[in-house]
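Dock chain S against chain R, hints included.
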Amino acid sequence: MGKPELLDPTPDALVDRDELVRRLLTGLPRHCVLAAPEELKPYECDGLSAFREVPLAVALPENEAQVRHVMRTCNEARVPVVARGAGTGLSGGALPHPRGVTLGLSKMKSIVAIDPMARTAIVQPGVRNLAISEATAQYGLYYAPDPSSQIACSIGGNIAENSGGVHCLKYGLTVHNVLKLRFVTIEGEVLELGGDGLDAAGLDLMALAIGSEGLLGVVTEITVKLLPKPQLARVVLAAFDSLEKAGEAVANVIAAGIIPAGLEMMDKLATGAVEQFVRAGYPLDAEAILLCESDGTPEEVAEEIEHMSQVLRDSGATEIRLSKDEAERLRFWSGRKAAFPAVGRLMPDYFCMDGTIPKRQLGKVLRGIEALSKEFGLQCPNVFHAGDGNLHPLIMFDANVPGQQDTATRFGAKILELCVEVGGTITGEHGVGIEKIDQMCVQFRPAELETFHAVKSAFDPMRLLNPGKAVPTLQRCAEMGAMHVHRGQEKFAHLPRF
Amino acid sequence: MIDAFADTIRRAAADGRTLRIRGSGSKDFYGVALEGDVVDTGSHAGIVDYDPSELVITVRSGTSLTEVENKLAECGQMLAFEPPHFGAGSTIGGAVASGFSGPRRAAAGSVRDFVLGARVLDATGRDLSFGGQVMKNVAGYDLSRFIAGSFGTLALITEVSLKVLPRPVAEATLCFDMDEARAIETMNRWAGQPLPLSATGFVDGMLWVRLSGAKAAVDAALKKLGGEQPADAAAFWASLRDQTHPFFAGAGPLWRLSIRSTAGPVKLGSQLIEWNGALRWIAADLEAEGAHRAAQSAGGHATLYRGGARSAGIQRLAPPVLALHQRLKRALDPQGVFGRHRIHPEF
Numbered sequence: 001m002g003k004p005e006l007l008d009p010t011p012d013a014l015v016d017r018d019e020l021v022r023r024l025l026t027g028l029p030r031h032c033v034l035a036a037p038e039e040l041k042p043y044e045c046d047g048l049s050a051f052r053e054v055p056l057a058v059a060l061p062e063n064e065a066q067v068r069h070v071m072r073t074c075n076e077a078r079v080p081v082v083a084r085g086a087g088t089g090l091s092g093g094a095l096p097h098p099r100g101v102t103l104g105l106s107k108m109k110s111i112v113a114i115d116p117m118a119r120t121a122i123v124q125p126g127v128r129n130l131a132i133s134e135a136t137a138q139y140g141l142y143y144a145p146d147p148s149s150q151i152a153c154s155i156g157g158n159i160a161e162n163s164g165g166v167h168c169l170k171y172g173l174t175v176h177n178v179l180k181l182r183f184v185t186i187e188g189e190v191l192e193l194g195g196d197g198l199d200a201a202g203l204d205l206m207a208l209a210i211g212s213e214g215l216l217g218v219v220t221e222i223t224v225k226l227l228p229k230p231q232l233a234r235v236v237l238a239a240f241d242s243l244e245k246a247g248e249a250v251a252n253v254i255a256a257g258i259i260p261a262g263l264e265m266m267d268k269l270a271t272g273a274v275e276q277f278v279r280a281g282y283p284l285d286a287e288a289i290l291l292c293e294s295d296g297t298p299e300e301v302a303e304e305i306e307h308m309s310q311v312l313r314d315s316g317a318t319e320i321r322l323s324k325d326e327a328e329r330l331r332f333w334s335g336r337k338a339a340f341p342a343v344g345r346l347m348p349d350y351f352c353m354d355g356t357i358p359k360r361q362l363g364k365v366l367r368g369i370e371a372l373s374k375e376f377g378l379q380c381p382n383v384f385h386a387g388d389g390n391l392h393p394l395i396m397f398d399a400n401v402p403g404q405q406d407t408a409t410r411f412g413a414k415i416l417e418l419c420v421e422v423g424g425t426i427t428g429e430h431g432v433g434i435e436k437i438d439q440m441c442v443q444f445r446p447a448e449l450e451t452f453h454a455v456k457s458a459f460d461p462m463r464l465l466n467p468g469k470a471v472p473t474l475q476r477c478a479e480m481g482a483m484h485v486h487r488g489q490e491k492f493a494h495l496p497r498f
Numbered sequence: 499m500i501d502a503f504a505d506t507i508r509r510a511a512a513d514g515r516t517l518r519i520r521g522s523g524s525k526d527f528y529g530v531a532l533e534g535d536v537v538d539t540g541s542h543a544g545i546v547d548y549d550p551s552e553l554v555i556t557v558r559s560g561t562s563l564t565e566v567e568n569k570l571a572e573c574g575q576m577l578a579f580e581p582p583h584f585g586a587g588s589t590i591g592g593a594v595a596s597g598f599s600g601p602r603r604a605a606a607g608s609v610r611d612f613v614l615g616a617r618v619l620d621a622t623g624r625d626l627s628f629g630g631q632v633m634k635n636v637a638g639y640d641l642s643r644f645i646a647g648s649f650g651t652l653a654l655i656t657e658v659s660l661k662v663l664p665r666p667v668a669e670a671t672l673c674f675d676m677d678e679a680r681a682i683e684t685m686n687r688w689a690g691q692p693l694p695l696s697a698t699g700f701v702d703g704m705l706w707v708r709l710s711g712a713k714a715a716v717d718a719a720l721k722k723l724g725g726e727q728p729a730d731a732a733a734f735w736a737s738l739r740d741q742t743h744p745f746f747a748g749a750g751p752l753w754r755l756s757i758r759s760t761a762g763p764v765k766l767g768s769q770l771i772e773w774n775g776a777l778r779w780i781a782a783d784l785e786a787e788g789a790h791r792a793a794q795s796a797g798g799h800a801t802l803y804r805g806g807a808r809s810a811g812i813q814r815l816a817p818p819v820l821a822l823h824q825r826l827k828r829a830l831d832p833q834g835v836f837g838r839h840r841i842h843p844e845f
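Taken in order, these protein sequences are the chains called R and S.
With our numbering, letter number 262 in the first sequence gets 262, and the count goes up by one each step, no holes.
Whatever position you read off the second sequence (first residue = 1), add 498 for our numbering.
This is chain R alone, in the form it adopts within the complex:
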């Protein structure tokens, strides 16, 4: 399998680049429209740098009226629009379209209002995730979803991807922490979805908008929910001499009625990689380590930590350490948070997979990954949001070695297919984008994909918004010849296979 073909059928543009830029400039100031090759180059990829395209033009609106102008202009000229937040996405969702406009929201970065009493903040899409918590800390409040890239990623991108984070088992995903959106359609109309209350009249359009990867519209203002900042957090580090035992310990913690604030696993390859990088003090002889966090009032945390430690000990932990202060808690987490760059230091390139599986399948899936790693001859450390079953195998390769990137791509596809086979999904939090477009044919049957296209047609009949991403055409799936393995059943199961 080579590079996924980007182009989806979209109508032919009615204008050339010069005319498009001229029309964009009727509603945007000069400095907000980029069209020179050297200006476009920085936008050629997002966090998935293996895929690159140069867009026709980049529009960087400064307000909602300008966003509407870009959408209307592109709609009239039949030019694709690819929305982009901070460009930190890992699935190529903001990969430009060669005949399209990249709509960057980075200039719309003001925190419009904070209402500490109602525990809400109104923010523009370019605001960084962490900036919300920083701005609201003075009221003892914070915005809970915390993707690892939170110092850089934007809230608009979080909406597009329905981002999670280390704490989402307890505090939910983006979709659980947003009250209201201002949402601009491809026609340039503004819809207000959700409300200041906890629900809105009519259908729950916000559920559709969040996680739609820029295929349904563009968000210009977001009202997020804020939570009281927990008074205290402490983390238990537990070491295990087998991955299976660590997996069982995760199940035992949950079965004991504990919802940890964070519950993360790393295998030996991963701890070895990060230890060279950040010296978090992880036990290097352990086959797996768990980080299990408790937060809340001091009384609550004391009670929960004792309970967690007991369950972990009973599950066969060979060593248990408890963070004694905030500095040590952050040190325990530093290794987990540095896992991706640490692996990046060991090898020139890596692909980060993002499947989610039922936790009880962990042993089977990790053994499967190990076998695939031998088969493809590439190392694959695993870090794992264990509490919610979200795996991040990191496939290490060197793109300068001929054929290795292809091998890594095939390895990755196999891992995702394994996740689907055991009842999981190809993407837990990074999105489908361009990266996993072919695996969508594995997870969904043609009728389900048709339903997605029907939804799309209600928002964007000419398919101008982020074409070629997130939902594959049926033709693409047919050409790929993917075998659908949804819930262990093949599509066309009634046909004989030879």
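Because the hints were derived from the structure by calculation, they are not lab data.
All of these numbers come straight from a predicted model, not from anything done at the bench.
From the three backbone atoms N, C-alpha and C, an ideal C-beta is built for every residue, glycine too.
Warning: the hint list may mix true and false statements.
Examples of chain S residues lying across from chain R (beta carbon under 10 Å, computed) [unchecked claim]:
| id | residue |
| --- | --- |
| 1 | T622 |
| 2 | L626 |
| 3 | Q741 |
| 4 | T742 |
| 5 | P744 |
| 6 | R758 |
| 7 | P763 |
| 8 | G767 |
| 9 | A800 |
| 10 | R804 |
| 11 | V819 |
Listed next, the stretches of chain R that the computed footprint assigns to chain S, with coverage defined by at least 3 CB atoms under 8 Å from CB atoms of chain S [claimed, not checked]:
| id | stretch |
| --- | --- |
| 12 | 25-35 |
| 13 | 40-53 |
| 14 | 94-101 |
| 15 | 158-166 |
| 16 | 255-263 |
| 17 | 292-306 |
| 18 | 333-344 |
Then chain S, alone, in the frame of chain R:
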């Protein structure tokens, strides 16, 4: 069973008939209009899969809420959105299709927040699955959450997977005598503090606060907040959840205002407040336009929940939002097999 439902849908499509999907009918009181031939899903019952350590239960839509809740309770778990039981037979399919959540909603989340996946029959009778049985899943549009609250207007739900949570170890309720304005202020202030608040209610000049969580946390909060501990707390919260509290008695019009939690007292009639102030029930025969205006100016919407002229009682959607509803309906159910008008007169 699924085949029979699919057949019913296909036949209705062929005959140009409309279908009304019904679990137990306990929410038949709600909606602009009940249209179409009843498809009874109550017999499509049973728990398909439940593994407490996965925090997920998968059930057929006709399964009774009581059965699901009893099964979860055996393993120390619960449906955290605390769905109302408006009748002994209330089904899980009805709970999801209505999107109604109970007292814990402000603290824990709504029905849709706990939906992980749904298996549905679409308007052509095709058996489709969206979402799944895992906590995190961003493949494809989030249709399983979208279907929550759609009241049978988009698809027939045959199976749902829901996230479940452990039951709190400790629970206690406090009561405080106070007026409405101060109660609204107090609920919001406490919701912004690290307290184990799991529900709040205000009725008859009394603020009720439920604390749930670790024993140490509940004990500490009890000391901090003061107030009286009533004897009949569990019955009180159940009476809010199921609307058996005397406030809801009678068949008169009942308005539901979902608004900004900090909005001051809405002076339109006798009220019961939930969700830290974000939900205001008004038992009065209000003039629809006035109710809608009042809700809108408080950042929300008003619905005539029960009684009265139901069509006028539904808050009108903004024109572009309504147009999108209509396009979605046409895209997903072009022939109008699933009854229209349940949640909006023009949709």
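Interface hint check: S:R758, Cβ to nearest Cβ on chain R, cutoff 10 Å. Holds or violated? holds (4 Å)
Can the stretch 292-306 of chain R be counted as covered by chain S under the rule of three residues or more with Cβ-Cβ separation shorter than 8 Å? holds (count 7)
Coverage assertion for the stretch 158-166 of chain R with respect to chain S, Cβ distance below 8 Å, three residues required: Three-residue rule met by the stretch 158-166 of chain R, so holds; n is 3.
Proposed interface contact between S:P744 and chain R, which counts if any beta carbon pair is under 10 Å: With a closest approach of 25 Å, the S:P744 hint is violated.
Interface hint status, S:A800 versus chain R (Cβ within 10 Å): Because about 9 Å separates S:A800 from the closest Cβ in chain R, which is inside the 10 Å limit, the hint holds.
When the least beta-carbon distance from S:T742 to chain R is tested against 10 Å, hint result: violated (22 Å)
Taking 8 Å as the C-beta cutoff, is the stated coverage of the stretch 255-263 of chain R by chain S satisfied by three or more residues? holds (count 4)
Tell me if chain S covers the stretch 333-344 of chain R under the three-residue, 8 Å CB rule, please? violated (count 0)
Is the shortest C-beta separation between S:L626 and chain R less than 10 Å? Since chain R brings a Cβ to about 5 Å from S:L626, closer than 10 Å, the hint holds.
Is the listed coverage of the stretch 94-101 of chain R by chain S valid when you require three or more residues with a beta carbon under 8 Å from a beta carbon of that chain? Since 0 is below three, the answer is violated.
Interface restraint verdict for S:V819 against chain R (beta-carbon cut-off 10 Å): Since the shortest Cβ distance to chain R is 5 Å, the answer is holds.
Can you tell me if the stretch 40-53 of chain R counts as covered by chain S, using C-beta to C-beta distances under 8 Å and a minimum of three residues? violated (count 0)
In the structure shown, a violation is registered for the earlier hints numbered 3, 4, 5, 7, 8, 10, 12, 13, 14 and 18, in ascending order.
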